[in-house]
Amino acid sequence: MTQNVDAIVVGGGIHGCSTTLHLCLAGLKPVLIEKDYAGRHASGVNAGGVRQLARHIPEIPLSIRSMGIWEKISDLLDDDCSFESYGQVLVAENEEELAVCRARVAELNALGFTHEELIDGAELRRLVPAVAETCPGGVVSRRDGAANPAQTTTAFRRKAQQLGATVREGVAATNIRYSDGLWYVDVGSESFAAPVLVNAAGAWAGKIAAALGEPVPVETVAPMLMITSRVPHFIDPVVILRGRKLSFKQFSNGTVLIGGGHLATPYQDRNETVLDWKSLAISARTVFELFPVMRSATIVRAWAGIEAKMKDDIPVFGPSSRHKGLYHQFGFSLHGFQLGPGAGAVMAELIVNGGTQTRISDLGIDRFHPTTL
Amino acid sequence: MFKRSEQDKRPPVQIFVDGVAVAAREGDTVSAALLASSCDARRSTAVSGAPRLPYCMMGVCFDCLVTIDGVGNRQGCLVPVAEGMQVEIQKGKREIGR
Amino acid sequence: MTVAPKREDYDVVVIGAGPAGLAAAATSAEAGLSTLLLDENVGPGGQVFRAISSTPVTDRNQLGADYWVGADLVRSLRASSAEVIHRATVWSLDRNLDIAVSVGGASAFVKAKRMILATGALERPFPIPGWTLPGVMTAGAAQTMLKSSALVPDGRTVIAGQGPLLWLLAAQILRLGGRIDRILDTTERGNYFAALPHALAFVTSPYFAKGLSMMREVKAKVQVVSGITELSASGDGQLASVSYVAGGKRETIPADLLLLHQGVVPNVNLAMSAGIEHRWDDLQLCWSPVLDASGNSSVAGIAIAGDGAGIGGANAAVVRGRIAARAAVEALVPAAAAKLAPMATLRSELAKAERGRVFLDTLFRPSPQFRIPTGDTIVCRCEEVTAKDVLDSVAIGATGPNQLKAYRRTGMGPCQGRLCGLTVTELMAQARNKTPQEIGYYRLRAPVKPITLAELAAVPKSGADVKAVVRG
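Protein chains in written order, with full-length UniProt numbering: chain D, 1 to 373; chain U, 1 to 98; chain C, 1 to 472.
Please note that the accuracy of each hint is not assured.
[Said to hold, decoys possible] Straight-line alpha carbon distances no greater than 20 Å define the calculated DMTMM-like cross-link-like pairs of lysine to aspartate or glutamate that follow:
(1) U/3 - C/59
(2) D/159 - C/392
(3) D/278 - C/59
[Stated by the list, open to error] Just some of the chain D residues that point at chain C, by a computed CB distance under 7 Å:
(4) 158
(5) 162
(6) 163
(7) 285
(8) 293
(9) 297
(10) 298
(11) 302
(12) 367
[To be verified] Just the calculated beta-carbon pair ranges, DEER-fashion:
(13) C/395 - D/80: 37 to 43 Å
(14) D/4 - C/330: 44 to 50 Å
(15) D/361 - C/96: 29 to 35 Å
(16) C/96 - D/172: 47 to 53 Å
(17) U/11 - C/199: 16 to 22 Å
(18) D/162 - C/376: 25 to 31 Å
To be clear, the hints were calculated from the coordinates, so they are not data collected in a lab. In this text, a Cβ means the ideal position worked out from N, Cα and C, and glycines have one as well.
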């Protein structure tokens with residue numbers, strides 16, 4: 001028997017969960033379908049960076065919208081998500097890199113964005129005392145921070161469920177089809193029908209879009225992370241580098257997360273990744289050079305989450321260019337976690353109101369397919 | 001807690017635990033030498049500071065973590081003693097920035 | 001001293017120098033395959049033959065004839081061409097058979113055509129109130145010290161639990177002049193009846209006579225209390241007393257040392273981190289790898305031998321090691337397999353060695369109250385998470401061990417779940433009314449043992465990395 005709902009959301013990452021929750025808040029009855037469990041892949045195992053810093057300009061408005069939600073995340077979810085706001089700092093390792101930073105901040109200021117702030121060596125060392133003496137400055141985004149990704153994604157799912165969302169975990173959405181103004185999806189022995197379908201299936205979303213006639217240039221990647229055992233507190237903000245692949249964050253429990261985008265080999269069909277230790281060693285060498293205090297820390301675990309990366313590194317977000325009632329929300333290209341809360345809110349506005357005040361026009365799938373609607 | 005059997009004829013080895021000389025035998029692991037000695041070898045955990053001694057002695061429980069010759073978080077049950085070895089009992093998150 | 005592997009590629013890499021690994025490496029090398037044996041300990045032997053080449057316990061009767069069997073295995077290995085590295089910690093293995101190993105503070109990468117994992121067993125977690133107190137250890141820990149350093153308990157000592165190793169240890173401690181004040185036998189009375197149908201296989205197995213005589217030897221000297229239904233340790237920063245209930249009556253006795261044991265379970269961390277499929281074993285109450293008759297796992301090229309393949313004991317481990325090695329030889333150089341014992345012979349030896357196992361597993365199946373703790377009893381020793389913490393997380397939506405990490409950092413400390421994984425699975429299964437198989441286990445990832453950032457930073461650069469530097 002087919003169950004009729006108001007919207008079908010495919011994918012239980014932070015985006016699918018956030019959209020489901022915001023649809024509930026708007027009074028709709030959505031169903032969320034996740035083939036594994038909420039937060040199983042990139043959303044649950046990413047670095048947890050809540051970052052407006054160093055974003056592509058087309059997604060800055062969405063990021064700013066999201067930041068406002070992050071700052072009141074407990075009110076929304078009844079869970080603090082371990083969100084901490086100690087800022088994020090982009091470190092320039094030399095004068096050339098600092099010049100690039102200066103130009104970037106000037107460009108943002110000209111566009112009216114003020115969240116990024118150029119800092120000199122003295123301010124850098126005030127914010128990040130452990131950084132090597134040779135670094136001349138950088139950029140800070142002071143409201144940025146970090147959260148626990150698995151906790152956050154789970155909290156979105158839990159709250160959505162409390163507000164009446166139907167959640168199906170452990171069974172894939174199959175046989176997606178459109179008929180007489182309704183989207184139909186099979187979930188194991190069940191079927192759901194709704195006027196709205198949201199494709200938030202992460203690394204699996206590209207296949208869904210392609211099957212519905214909207215192929216996009218996307219690949220599956222698995223950025224690697226590693227974490228140390230608990231060490232004494234020595235750093236507050238999240239640190240990223242201008243010139244090398246490194247991000248760096250110490251949590252309140254003392255563990256230090258080291259990331260930056262070196263890639264593992266994904267085996268998407270098996271939900272598996274094979275780590276590349278020689279690339280992780282590059283991250284280790286970078287930390288070794290920039291944070292001498294970390295040299296004797298021990299690495300206790302490394303992992304990688306499977307996600308979708310667009311060729312242009314910009315997400316696909318908004319209505320389909322071909323089908324009524326279909327919306328895409330994927331391809332966040334290694335920087336989707338912070339956008340999750342805001343993207344869910346905006347997606348709900350698109351679905352319920354048919355539009356949004358947040359500027360998202362450069363993110364649509366119509367950049368690949370001129371709209372035929 | 002433990003005593004040595006009289007048949008043990010292995011040569012002595014001297015190690016230092018927090019600067020104090022401790023008699024061990026060649027072939028002892030650091031953890032075995034600590035448990036055979038009279039010194040208070042209890043580390044404190046990084047989470048709550050609770051006292052711990054080695055539990056499994058086979059490299060799986062990590063309750064034997066000690067600092068050996070300046071390197072923190074070594075598994076004392078897997079490292080054999082050596083003459084003059086400096087062992088420090090770890091208190092809390094004592095790993096870096098010492 | 002320990003040195004890095006001599007080559008980057010081997011036909012066969014064996015991990016673990018216990019009974020299975022010693023036999024597998026010797027067999028593989030004997031057939032002419034380039035063979036590397038990596039082992040974490042100072043010398044060969046694994047747990048059962050620990051310190052076989054170096055033990056200060058020179059009176060052979062004290063450790064028993066079963067122990068000295070290990071010396072023959074070591075002799076065979078040393079007579080072979082296998083390269084052996086001790087104090088070598090394998091910290092990563094993946095499905096491409098790429099191995100990362102730390103030797104003497106430096107890491108090296110080697111690649112194998114075939115792998116034989118012989119990482120053995122570890123003692124089942126025994127999560128009772130107070131089990132993290134200094135002065136509470138595993139029986140295996142005491143046996144390790146006894147074998148490798150001739151150390152025996154000399155304070156007020158209580159041994160609690162069940163299983164063959166417990167009685168062997170007690171006998172060995174007494175033979176070496178150590179002190180045992182009391183033995184608390186936790187074997188469930190009902191298990192004797194459950195095990196009865198399997199008794200015939202057991203009485204005709206080699207364990208039977210040995211087991212009986214050892215129990216007699218111990219019971220002549222130590223007070224044994226059986227039918228223990230509750231057990232706890234207490235003390236302020238140090239064990240002071242052990243409390244137990246037997247036959248409905250509670251007793252508390254002062255103690256300096258409490259040795260716990262309720263059997264052994266496969267040490268699955270390395271195998272699971274390589275992506276090898278495991279299933280819940282309802283009889284042995286643990287995860288065991290899914291293997292074919294030659295020990296081949298779900299990952300092509302990786303076989304598992306010994307207790308890591310499912311608990312079978314030392315004799316079975318030796319044969320499993322030979323079977324896995326023979327299968328590797330057959331796969332790589334079929335002609336060379338002719339030198340080795342035929343597979344049919346090995347399989348019948350294995351059947352013989354495994355006889356009586358079902359009886360032991362049934363008789364010594366640990367009681368639920370000693371596997372599935374309640375209240376403030378610590379489940380995860382590393383992150384100090386209690387049973388109540390786990391159940392509270394289940395109540396607000398944690399569905400399995402991996403989801404639990406988001407609520408409580410269970411399994412995320414340095415032991416990577418070795419001391420809490422089974423407890424968490426069974427606890428969550430009970431709370432959610434699911435089977436352990438449905439609940440699942442932690443996803444384990446490398447490094448399976450922590451390495452320092454400095455050691456990782458110092459690994460040899462890859463070709464691409466070097467090129468990137470050259471291009472500036």
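Hint by hint, here is what the structure shows:
{"no.": "1", "hint": "U/3 - C/59", "in the structure": "holds, 17 Å"}
{"no.": "2", "hint": "D/159 - C/392", "in the structure": "holds, 17 Å"}
{"no.": "3", "hint": "D/278 - C/59", "in the structure": "violated, 49 Å"}
{"no.": "4", "hint": "158", "in the structure": "holds, 5 Å"}
{"no.": "5", "hint": "162", "in the structure": "violated, 10 Å"}
{"no.": "6", "hint": "163", "in the structure": "violated, 14 Å"}
{"no.": "7", "hint": "285", "in the structure": "holds, 4 Å"}
{"no.": "8", "hint": "293", "in the structure": "violated, 10 Å"}
{"no.": "9", "hint": "297", "in the structure": "holds, 5 Å"}
{"no.": "10", "hint": "298", "in the structure": "holds, 4 Å"}
{"no.": "11", "hint": "302", "in the structure": "holds, 6 Å"}
{"no.": "12", "hint": "367", "in the structure": "violated, 32 Å"}
{"no.": "13", "hint": "C/395 - D/80: 37 to 43 Å", "in the structure": "violated, 18 Å"}
{"no.": "14", "hint": "D/4 - C/330: 44 to 50 Å", "in the structure": "violated, 59 Å"}
{"no.": "15", "hint": "D/361 - C/96: 29 to 35 Å", "in the structure": "violated, 44 Å"}
{"no.": "16", "hint": "C/96 - D/172: 47 to 53 Å", "in the structure": "violated, 27 Å"}
{"no.": "17", "hint": "U/11 - C/199: 16 to 22 Å", "in the structure": "violated, 49 Å"}
{"no.": "18", "hint": "D/162 - C/376: 25 to 31 Å", "in the structure": "holds, 29 Å"}
Comparing the model with each earlier hint shows violations of hints 3, 5, 6, 8, 12, 13, 14, 15, 16, 17; every other hint is respected.
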